[in-house]
Amino acid sequence: MLLSYLKIAWKVLLRRKFFTFISLFGISFTLMVLLVVYSLFDHFLGPHYPETRNNRMLYANFLNMRFKSGGNQNSPPSYYLLNRFVRTLKEPELISISSQFAPASAYISGKKLKLDLKYTDAPFWQLLEFNFLEGKPYTEPDVRSAAHVAVINEATARQYFGLSRGVVGKTIELDQTRYRVTGVVADVPGMRINTYADVWVPISLSTEDLQRTEFTGNHVALLLAKSPADVEQMEAEFDRMVRAIPNPDPKNIEQINFHADRMLASIVRPLTGTYNTSKGLTMFYSAISLLTLLFMLLPALNLVNVNVSRIMERSSEIGVRKAFGATSGALVRQFLVENIFLTLVGAVVGLALAWGSLQLLSNSSLVPYAQFGLNWRIFGWGLFISLGFGLLSGVYPAYKMSRLQAVQALRSANSSK
Amino acid sequence: MENILTQTTARPQATAPAPVTSAQPVIQLREIEKIYQTKTIETVALNRVNLTINKGEFVSIMGPSGCGKSTLLSIMGLLDEPSGGVIELDGRPVQAYSDRELAALRNQKIGFVFQSYHLINDLSVLDNVELPLLYRPGVGGKQRRERAYAALDKVGLSARTGHFPSQLSGGQRQRVAIARALAGRPEIILADEPTGNLDSVMGEEIMELLLNLNRQEGTTIVMVTHDEQQARRTQRLIRFFDGSQVS
Numbered sequence: 001m002l003l004s005y006l007k008i009a010w011k012v013l014l015r016r017k018f019f020t021f022i023s024l025f026g027i028s029f030t031l032m033v034l035l036v037v038y039s040l041f042d043h044f045l046g047p048h049y050p051e052t053r054n055n056r057m058l059y060a061n062f063l064n065m066r067f068k069s070g071g072n073q074n075s076p077p078s079y080y081l082l083n084r085f086v087r088t089l090k091e092p093e094l095i096s097i098s099s100q101f102a103p104a105s106a107y108i109s110g111k112k113l114k115l116d117l118k119y120t121d122a123p124f125w126q127l128l129e130f131n132f133l134e135g136k137p138y139t140e141p142d143v144r145s146a147a148h149v150a151v152i153n154e155a156t157a158r159q160y161f162g163l164s165r166g167v168v169g170k171t172i173e174l175d176q177t178r179y180r181v182t183g184v185v186a187d188v189p190g191m192r193i194n195t196y197a198d199v200w201v202p203i204s205l206s207t208e209d210l211q212r213t214e215f216t217g218n219h220v221a222l223l224l225a226k227s228p229a230d231v232e233q234m235e236a237e238f239d240r241m242v243r244a245i246p247n248p249d250p251k252n253i254e255q256i257n258f259h260a261d262r263m264l265a266s267i268v269r270p271l272t273g274t275y276n277t278s279k280g281l282t283m284f285y286s287a288i289s290l291l292t293l294l295f296m297l298l299p300a301l302n303l304v305n306v307n308v309s310r311i312m313e314r315s316s317e318i319g320v321r322k323a324f325g326a327t328s329g330a331l332v333r334q335f336l337v338e339n340i341f342l343t344l345v346g347a348v349v350g351l352a353l354a355w356g357s358l359q360l361l362s363n364s365s366l367v368p369y370a371q372f373g374l375n376w377r378i379f380g381w382g383l384f385i386s387l388g389f390g391l392l393s394g395v396y397p398a399y400k401m402s403r404l405q406a407v408q409a410l411r412s413a414n415s416s417k
Numbered sequence: 001m002e003n004i005l006t007q008t009t010a011r012p013q014a015t016a017p018a019p020v021t022s023a024q025p026v027i028q029l030r031e032i033e034k035i036y037q038t039k040t041i042e043t044v045a046l047n048r049v050n051l052t053i054n055k056g057e058f059v060s061i062m063g064p065s066g067c068g069k070s071t072l073l074s075i076m077g078l079l080d081e082p083s084g085g086v087i088e089l090d091g092r093p094v095q096a097y098s099d100r101e102l103a104a105l106r107n108q109k110i111g112f113v114f115q116s117y118h119l120i121n122d123l124s125v126l127d128n129v130e131l132p133l134l135y136r137p138g139v140g141g142k143q144r145r146e147r148a149y150a151a152l153d154k155v156g157l158s159a160r161t162g163h164f165p166s167q168l169s170g171g172q173r174q175r176v177a178i179a180r181a182l183a184g185r186p187e188i189i190l191a192d193e194p195t196g197n198l199d200s201v202m203g204e205e206i207m208e209l210l211l212n213l214n215r216q217e218g219t220t221i222v223m224v225t226h227d228e229q230q231a232r233r234t235q236r237l238i239r240f241f242d243g244s245q246v247s
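Quick note, the sequences are listed as chains E and F, same order. Residue 33 in the numbering used here sits at position 33 of the first sequence, and the numbers go up by one each step. Residue 239 in the numbering used here sits at position 239 of the second sequence, and the numbers go up by one each step.
I should point out that these hints are in silico values taken from the structure, not numbers from a laboratory. Mixed in with the good hints, there may be bad ones.
Selected chain F positions facing chain E (in silico; Cβ < 8 Å) [unchecked claim]:
no., residue
1, L79
2, V86
3, V94
4, Q95
5, D99
6, R100
7, A104
8, F114
9, H118
10, I120
11, D127
12, P132
13, P137
Every residue gets a Cβ at the ideal spot worked out from N, C-alpha and C, and that includes glycine.
Produce the complete structure using the sequences and hints provided.
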């Protein structure tokens with residue numbers, strides 16, 4: 001039965017090539033855009049280098065303070081807040097505190113090289129899975145002693161030293177400070193905002209006053225749970241810890257909202273302003289789903305239109321199938337299979353177009369060291385979206401087709417001959 | 001495989017062939033009415049038609065265009081609902097049947113042959129003939145193929161299985177349509193002007209095929225035709241005028 005449906009679907013595709021082209025163009029272009037967006041999303045949030053274990057990770061990178069006067073202050077947390085309170089947590093297997101990346105300059109033969117610098121502690125290198133091309137990370141004693149050491153990425157090694165290997169032990173000078181290179185790692189894409197940098201140096205070298213007891217600052221804590229199942233417990237412990245933090249200014253500060261979130265939630269929370277609830281993700285998913293649906297609706301409506309007119313061409317077939325025993329349900333199934341087949345063909349084209357677009361984006365240097373690509377997750381999403389699209393654009397024409405009376409269908413086929 | 005075409009033993013006669021009928025009714029129509037109603041006009045297509053078709057009969061229906069012959073055939077074939085009256089198939093009234101039950105009944109009991117063949121141009125001859133079996137539960141792919149080959153063999157088209165309808169002559173297309181009607185091994189074949197689009201030679205060929213089918217297989221056939229000569233070769237001729245049976 002399925003084979004017969006697919007045969008028909010293929011023939012219908014070939015029958016009116018212009019209609020087919022319009023349908024396929026609509027489907028593949030829509031899917032291309034959605035897949036590119038999803039790929040960016042995946043690249044940003046998925047378990048990619050060096051945050052390959054982000055199903056076990058929480059990020060504490062956003063602090064909201066609500067003032068009695070009615071105002072709010074949003075900021076990354078300070079080193080003090082993270083070191084004094086977050087470090088005391090027992091649930092995480094590892095806790096790392098690092099600064100947000102900041103620009104730094106190096107000069108080679110009088111030419112300025114703009115780099116991004118990040119201050120980190122030693123657990124940073126254990127918690128994340130960096131790919132060391134050579135050398136090794138700096139250690140806890142290095143951090144404690146504020147040793148002038150650095151890990152650099154491959155691009156910096158190439159730009160600064162003209163080599164991507166053999167630079168361990170050499171010195172790199174950034175903002176008039178010299179660091180000895182201990183290791184070279186593969187480039188980290190710029191979309192990994194919590195871990196990305198060109199150069200990483202011990203946090204003890206930070207130019208900021210780390211002893212400053214204010215809560216706002218420019219740091220981030222990464223927390224690694226012992227297993228994915230332990231993340232919730234870790235989050236709960238974090239929330240308990242926050243409730244126990246004494247209010248530094250009870251006269252003015254009404255509430256401190258500080259959470260350790262999974263990657264997506266950590267980005268969505270400040271965007272949606274859901275400082276002390278977990279509704280932000282729901283809002284975000286609803287908005288994304290609505291936007292996706294709206295984006296698919298236009299080509300889907302176009303496809304509905306094309307499909308309905310194609311059905312009219314096939315009234316003889318519908319009449320014959322009904323005459324020989326097809327139920328309305330069987331016809332709906334047939335048409336849905338055909339439509340899903342069409343959308344899957346469109347999906348293959350869309351996937352190829354998305355791959356091409358992502359290659360262009362990767363090579364455009366729009367995002368530093370980005371390597372946008374397709375993977376099984378994206379392919380799975382593509383398939384899911386295509387099936388959704390196929391159903392969305394197929395249900396109404398299929399219903400209309402199935403409602404045709406056999407005798408009417410045969411009559412209209414006769415009259416159109 | 002027995003080929004109905006090559007089994008013909010004599011030239012067609014002007015008189016009806018010896019029937020293989022029994023008095024067992026397979027289709028009974030009682031007081032069947034079909035009225036098409038618009039806002040301004042009411043058209044009576046069938047006016048209280050009473051008709052019994054017995055098992056193994058070959059009945060032809062004649063009448064001028066628009067007299068209700070095809071509507072009657074559609075109602076007999078459960079493709080259309082009457083406005084009033086009772087239809088019985090094998091003694092069972094079918095009015096209360098659901099869409100699914102009617103579809104199953106059509107699939108198992110009735111085969112259709114249409115004037116304009118209504119073959120699916122995108123499917124091969126074999127796939128077209130397999131069609132009724134696609135909707136029959138319990139018939140697998142292999143069995144479908146075998147039955148379709150057998151049906152095509154019966155109509156002398158076993159060498160054309162891979163062809164597409166557009167590659168066949170009108171007569172061949174109608175033979176494919178008959179094979180399709182036969183593939184499901186129905187008790188009844190309803191043929192709506194099966195020779196109407198064919199020249200006399202091809203029309204004769206199709207008529208022979210139907211006659212042999214009736215004689216050899218005992219298939220009940222109801223045929224709408226405009227051809228008096230062909231109608232006279234069937235066992236019973238029913239004449240229609242203005243939605244009523246006149247003889």
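Hints and how they fare:
Hint on L79 of chain F holds. Least Cβ distance to chain E is approximately 4 Å, under the 8 Å limit. About 19 Å separates the beta-carbon of V86 of chain F from the nearest beta-carbon of chain E, more than 8 Å, and the hint is not met. Interface hint status for V94 of chain F: violated, as the beta-carbon distance to the closest one in chain E is roughly 14 Å, over 8 Å. Hint status for Q95 of chain F relative to chain E: violated, with the closest Cβ pair at about 16 Å, above 8 Å.
Nearest Cβ of chain E to the Cβ of D99 of chain F: about 6 Å, under the 8 Å cut. The hint holds. The closest approach between the C-beta of R100 of chain F and any C-beta of chain E is roughly 5 Å, which is under the 8 Å cut-off, so the hint is satisfied. Hint status for A104 of chain F relative to chain E: holds, with the closest Cβ pair at about 7 Å, below 8 Å. Checking F114 of chain F against chain E: minimum C-beta separation of about 7 Å stays under 8 Å; hint holds.
Against a cut-off of 8 Å between C-beta atoms, the interface hint on H118 of chain F holds, since the closest Cβ of chain E lies about 5 Å away. Taking 8 Å as the C-beta contact cut-off toward chain E, the hint placing I120 of chain F at the interface holds, the least distance being around 5 Å. Given hint, D127 of chain F at the interface with chain E, holds; its Cβ is 6 Å from that chain's nearest Cβ, closer than 8 Å. Using the Cβ-Cβ criterion of 8 Å, the hint placing P132 of chain F at the interface with chain E is satisfied: the shortest such distance is roughly 4 Å.
With a least beta-carbon distance of about 10 Å to chain E, the hint placing P137 of chain F at the interface is violated under the 8 Å criterion.
When the structure is compared with the earlier hints, violations turn up for hints 2, 3, 4 and 13 and for no others.
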